[in-house]
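Chains as they are written, first to last, in our numbering: chain E, 18 to 388; chain A, 1189 to 1626.
Since the hints were made in silico from the structure, they are not lab data. Remember, predicted model here, so these are calculated numbers, not experimental data. Using N, Cα and C, we set each Cβ at its ideal position, and we do this for glycine too. Mixed in with the good hints there might be a few duds.
[Claimed, not checked] Here are the in silico distance ranges between beta carbons for each label pair:
{"no.": "1", "chain 1": "E", "residue 1": "S364", "chain 2": "A", "residue 2": "Q1613", "range": "25 to 31 Å"}
{"no.": "2", "chain 1": "A", "residue 1": "G1304", "chain 2": "E", "residue 2": "R128", "range": "43 to 49 Å"}
{"no.": "3", "chain 1": "E", "residue 1": "G349", "chain 2": "A", "residue 2": "K1324", "range": "30 to 36 Å"}
{"no.": "4", "chain 1": "E", "residue 1": "T231", "chain 2": "A", "residue 2": "E1376", "range": "52 to 58 Å"}
{"no.": "5", "chain 1": "A", "residue 1": "G1323", "chain 2": "E", "residue 2": "Q366", "range": "32 to 38 Å"}
{"no.": "6", "chain 1": "A", "residue 1": "K1324", "chain 2": "E", "residue 2": "D232", "range": "54 to 60 Å"}
{"no.": "7", "chain 1": "E", "residue 1": "P130", "chain 2": "A", "residue 2": "Q1556", "range": "25 to 31 Å"}
{"no.": "8", "chain 1": "E", "residue 1": "G313", "chain 2": "A", "residue 2": "D1402", "range": "42 to 48 Å"}
{"no.": "9", "chain 1": "A", "residue 1": "K1324", "chain 2": "E", "residue 2": "E372", "range": "35 to 41 Å"}
{"no.": "10", "chain 1": "E", "residue 1": "M377", "chain 2": "A", "residue 2": "K1324", "range": "30 to 36 Å"}
{"no.": "11", "chain 1": "A", "residue 1": "G1304", "chain 2": "E", "residue 2": "M249", "range": "25 to 31 Å"}
[Said to hold, decoys possible] Covered by chain A, per the in silico footprint, the following chain E stretches (three or more residues, Cβ under 8 Å):
{"no.": "12", "stretch": "137-148"}
{"no.": "13", "stretch": "333-345"}
Here are the chains, one letter per residue:
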Amino acid sequence: MASTPTIPSRTETIRAWKEQGGAIAAVLPIHHPRALLRAFGLLPVEVWGPPRVDPAPGAAHLQPYVCSIVGNALSFLLRDGLEVADVILVPHACDSLQGLGSLLLDFVRPRQPVFPLYIPRGRRESDLQFLADECRALYDKLAAATGRTPSEAELMESIRREEEADGLLAELYRRRRTLPLTDLAFYRLARAREYLPAEEFAALLRAVLDTPPTDPSAGLPILLSGIVPEPMGLLDAITQMGGVVVADDLACCGRRLYPPGTSTAPFRRMAERILNAPPDPTRGSPIAERLRHLMGMARETGARGVVFYDVKFCEPELFDLPLLRRRLQEAGLPSVHIEVDLNDPLSGQILTRVEAFLEMVAHQTPEEGHR
Amino acid sequence: MNLFNALRYGWNVNVLGPAVLRLQRWQAQRRPARWDTRYLAPPLRIAPRTKELVARHWLAGRYANGYRKVAWVTSGAPVELLKALDFYVLYPENHAAICGTARVAVDIASEAESAGYSRDLCSYARTDIGAVLSGKTPVGHLPKPDVLFACTNICQTVLFWYRVLAEYFGAPLVLIDTPFVYTEEAAEHAVRYVRRQLEEAVPILERIAGKRLDERKLRQVGLLSKRASELWLEILQRCRHRPAPISVFDQFIQMAPIVEMRGDPETVDFYAALLKEVDERIATGIGAVKNERQRVLWDNLPIWYRLRYLAEFLAQHGVAVVASTYTNAWGELAPLIDPDDLWESMARTYIYPILNRGTGHKLRTMQQMVKEYQLDGAILHSDRSCKPYSIGQMDQRDRLIRELGVPALLLEADHNDFRVFAEEQVATRLAAFVEMLG
Chain E
18 MASTPTIPSR
28 TETIRAWKEQ
38 GGAIAAVLPI
48 HHPRALLRAF
58 GLLPVEVWGP
68 PRVDPAPGAA
78 HLQPYVCSIV
88 GNALSFLLRD
98 GLEVADVILV
108 PHACDSLQGL
118 GSLLLDFVRP
128 RQPVFPLYIP
138 RGRRESDLQF
148 LADECRALYD
158 KLAAATGRTP
168 SEAELMESIR
178 REEEADGLLA
188 ELYRRRRTLP
198 LTDLAFYRLA
208 RAREYLPAEE
218 FAALLRAVLD
228 TPPTDPSAGL
238 PILLSGIVPE
248 PMGLLDAITQ
258 MGGVVVADDL
268 ACCGRRLYPP
278 GTSTAPFRRM
288 AERILNAPPD
298 PTRGSPIAER
308 LRHLMGMARE
318 TGARGVVFYD
328 VKFCEPELFD
338 LPLLRRRLQE
348 AGLPSVHIEV
358 DLNDPLSGQI
368 LTRVEAFLEM
378 VAHQTPEEGH
388 R
Chain A
1189 MNLFNALRYG
1199 WNVNVLGPAV
1209 LRLQRWQAQR
1219 RPARWDTRYL
1229 APPLRIAPRT
1239 KELVARHWLA
1249 GRYANGYRKV
1259 AWVTSGAPVE
1269 LLKALDFYVL
1279 YPENHAAICG
1289 TARVAVDIAS
1299 EAESAGYSRD
1309 LCSYARTDIG
1319 AVLSGKTPVG
1329 HLPKPDVLFA
1339 CTNICQTVLF
1349 WYRVLAEYFG
1359 APLVLIDTPF
1369 VYTEEAAEHA
1379 VRYVRRQLEE
1389 AVPILERIAG
1399 KRLDERKLRQ
1409 VGLLSKRASE
1419 LWLEILQRCR
1429 HRPAPISVFD
1439 QFIQMAPIVE
1449 MRGDPETVDF
1459 YAALLKEVDE
1469 RIATGIGAVK
1479 NERQRVLWDN
1489 LPIWYRLRYL
1499 AEFLAQHGVA
1509 VVASTYTNAW
1519 GELAPLIDPD
1529 DLWESMARTY
1539 IYPILNRGTG
1549 HKLRTMQQMV
1559 KEYQLDGAIL
1569 HSDRSCKPYS
1579 IGQMDQRDRL
1589 IRELGVPALL
1599 LEADHNDFRV
1609 FAEEQVATRL
1619 AAFVEMLG
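The whole structure should be built from the sequences, with the hints applied where relevant.
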């Protein structure tokens, strides 16, 4: 199996974008209208932590019970890691990201403009209308910051470009088991969506999807749920232990397989895409909906177990877990929950737990599962 | 509703219960104070009445199922809608606080932890979920909800928590989502969004209540809600007086009705009586702390299981805690409520609680309180269970010290979980803080 296609690094991508006269938007997790940023010539580069950052600068502003995605993002910024960014976008996903946005605006005050974006917690007409209005308000702020005013046609063109890239990403997910990619290579590729321009990402995916299908990847099929698969070495470890990730419900990946919109009004279409994405507790999706989603993925892929891989102190995840795990177990789908701090290395303890889980699942007959 | 339930409710809530509670009040009025009166003023005369009022509220809840529709609501929710539709309104946060003061919260929360709920989750939520799972409660019995009504203006945690409750009870969850106000003014489209959700909630609530919303009744509830909030604010502002007639620890206890009985006529009567007693204290020179030398601010939720310890420790050193951003939150929005333009004013009122506003706004509120209440210092409770209230406190503390020159202490604890309260460490830090106050 091929290891990985050549994916430009973040640094290379940012440098190349800037050399073309483009600007950079540093974007915090989770959901945001990429098309809107791109219409202003801003390349969204997402900041999921990043992992393994000296946490000390952030610790001067945040208590130790705040998650490491937020703590690391602040530390990274205070260590000038975001100097390359021209604007900072902080979508609202939870109390901790809300706090970070507020801290940046009120106390830290980086040199770049900071724009919060509130993502509504429902999927009602009022939520859709609000998010469309919120995107319009962000448009106004970006216009003031950049001096540009993209037309409706330019916005629609930008949306089309993102929808195409997301469509290919969905196709990559559908065909993942017959692609010549290891789990690690698959997620390196999928996560390049976090910083590559949509057209570049799409070209990369086309090249992979054009390769002839291989035999379905062997191994014990499992689902990966949670926030972000860091350290990424976890994926290789799962492969070495005989597992294969066949689907995911990760906040950075599977929960952002945005379907195409239907509206011809650009802001409404951006809102539709975000709100119609797979279930996500940070968007207020009911637990039952997320359970159905997980069960559906397991049925489609034959997954025999779920690894919930969360960042410590993540309330949206922690509230869902007991009921999800219980009901998955009742349906014959065992699970394991692992919590990590983004600054910790992949510990032997974690690996032992994953290995024990895979062994336990392997010894369970398939008939015992999916009742 | 059947006849048996109606008779049971009427007998227990309107006849037998009140008689028993009156007797308990009579006994309480004759019981000596439990708090150390060498340093603290005797308890407020109204205290037994507070207990009676709150107990009666929970008693009504005990017999509500089958007689009245029950709504479980978050503390910052627009309860006026529910009151106008005659729901019995239960506040899980208040119930958890009662468990905290009764020191049974950890035992009940352990039930949730055994079911897989992490100790990193809000201890109110764990207490509440534990009570649901085990049936354990110090209030006798919690009625099942016919509807869950969550408003995100205090935190996102409540939404995650109520989604869990929705699964356990199979009850519909009505959400009022209030976009966080990062800047001084909420965006107009955000206010419009909140108003629209309020209007959309009405037919759902009407269907559950089995009755139409009477706009006149809603206006009346709005008026009562506004009046009670105004009285509460007046009571708090009396603490600008030296010595402060009541402390924040008194406020924490006396705030129960404004949270869980907002919109009821009894609540207005209660706070009018409390204001009268506070004014009598001022007239006779009674201070909450007998030898008030220093005055400080409290930020964040109370540490429910150590109210007495904190009150006595600080009072021994002549420190009166006289103002709090937390108790203030139930009064400061009173001017925004306009019964003549209720829908619009509800949308604005419920988007602006301090917890739905930026860290800079909270700093400005604290700075203003330091000036208005002539405060000498601030205690910022860094509450492990409440991230939205706690994030920002490190900068707020630094600014209070730097810009106003007042000592400010960040006190690590949790509002309900005593397992994270390090008593020795707290005592050492408080002692050092008191020394800094001079």
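| Is the gap between the beta carbons of P130(E) and Q1556(A) within 25 to 31 Å? | holds, 28 Å
| field | Range agreement (Cβ of Q366(E) with Cβ of G1323(A), hint 32 to 38 Å) | value | holds, 36 Å
| said: Does the beta carbon distance between T231(E) and E1376(A) stay inside 52 to 58 Å, or does it fall outside? | reply: Between T231(E) and E1376(A), where Cβ atoms are some 55 Å apart, the hint holds.
| request: Take the C-beta atom of K1324(A) and the C-beta atom of D232(E), compute their distance, and say whether it sits inside 54 to 60 Å. | output: Since the Cβ atoms of K1324(A) and D232(E) sit about 56 Å apart, the hinted range of 54 to 60 Å holds.
| Do G313(E) and D1402(A) keep their Cβ atoms within the hinted range of 42 to 48 Å? | holds, 45 Å
| Taking a Cβ-Cβ distance under 8 Å as contact, does the stretch 333-345 of chain E have three or more residues in contact with chain A? | holds (count 9)
| Honestly, do G1304(A) and M249(E) meet the 25 to 31 Å range at C-beta? | holds, 28 Å
| task | Take a look at whether the Cβ-Cβ distance between S364(E) and Q1613(A) falls inside 25 to 31 Å. | result | Because 29 Å falls inside the window, the suggested range holds.
| field | Distance restraint hint 30 to 36 Å, applied to the beta-carbon atoms of G349(E) and K1324(A) | value | Because 32 Å falls inside the window, the suggested range holds.
| query | CB of G1304(A) to CB of R128(E), is that within 43 to 49 Å? | reply | Cβ of G1304(A) to Cβ of R128(E): about 44 Å, so the range 43 to 49 Å holds.
| query | At a Cβ distance under 8 Å, does chain A reach at least three residues of the stretch 137-148 of chain E? | reply | holds (count 8)
| field | Distance restraint hint 35 to 41 Å, applied to the beta-carbon atoms of K1324(A) and E372(E) | value | At roughly 39 Å between Cβ atoms, E372(E) and K1324(A) fall inside 35 to 41 Å, so the hint holds.
The earlier numbered hints are all upheld by this structure, with none contradicted.
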